[in-house]
Structure formats: C-alpha cells, structure tokens
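Could you build all of it, start to finish, from the sequences and the hints given here?
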Amino acid sequence: MKPYTWYDFSYLSKKQKLQFLIDIKPSAEKNGRFDLILYNKYAEQFGLDKTKEA
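So for the sequence shown, my numbering puts the first residue at 45; every next one is plus one.
Incorrect hints may appear among the rest.
[Stated by the list, open to error] Below are the BS3-like pairs computed for lysine-lysine, each with C-alpha atoms no more than 27 Å apart in a straight line:
#1 K69 x K96
#2 K85 x K58
#3 K74 x K85
#4 K85 x K61
[As the list claims (entries may be wrong)] DEER-style ranges, computed between Cβ atoms:
#5 K94 x K58: 17 to 23 Å
#6 D93 x K58: 14 to 20 Å
#7 S57 x K96: 17 to 23 Å
Simulated from the structure, these hints should not be mistaken for lab results.
Computed from a predicted model, the values in this text were never measured in an experiment.
We put the beta carbon where it would ideally sit given N, CA and C, even for glycine.
Laid out in structure tokens, this is it:
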C-alpha cells in the first residue's frame with residue numbers, strides 16, 4: 045500500500061478522518077467498486093451511512 049493514499053490515513057486525527065470520509069464519499073461513488081468497498085469499511089467505523097456498492 046502506498047503511503048498517504050486516501051485509505052491510509054492513520055496519521056490524521058479522528059475529526060480529520062471523519063471530515064475526509066464525508067468529503068470523499070461523492071468521489072468514491074463515481075470511481076467504482078474498489079473505492080466504495082474502502083469507503084464503506086471506514087464509514088462504518090465512524091458511524092457514517094454506508095453507500096450502495098457497485
């Protein structure tokens with residue numbers, strides 16, 4: 045896994061991670077299955093609604 049990709053954000057604070065997930069959701073919905081799976085994995089951890097998988 046490459047450092048600093050959107051799904052490797054361990055260096056961010058919890059608040060920053062939550063905001064990042066909120067911001068990335070539209071892109072994940074456009075980019076396809078792999079991004080949606082990753083988004084849903086992290087969204088669940090932060091209590092966000094999952095998006096429909098492609």
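We went through each hint and held it up to the structure:
1. K69 x K96: Holds, because 11 Å separates the two Cα atoms, which is no more than 27 Å.
2. K85 x K58: This hinted pair holds, its Cα atoms lying about 15 Å apart.
3. K74 x K85: holds, 17 Å
4. K85 x K61: Given pair K85, K61 holds - Cα atoms ~13 Å apart, limit 27 Å.
5. K94 x K58: 17 to 23 Å: holds, 19 Å
6. D93 x K58: 14 to 20 Å: Holds: the Cβ-Cβ distance is about 18 Å, inside 14 to 20 Å.
7. S57 x K96: 17 to 23 Å: violated, 29 Å
Violated hint for the displayed structure: number 7, the only one.
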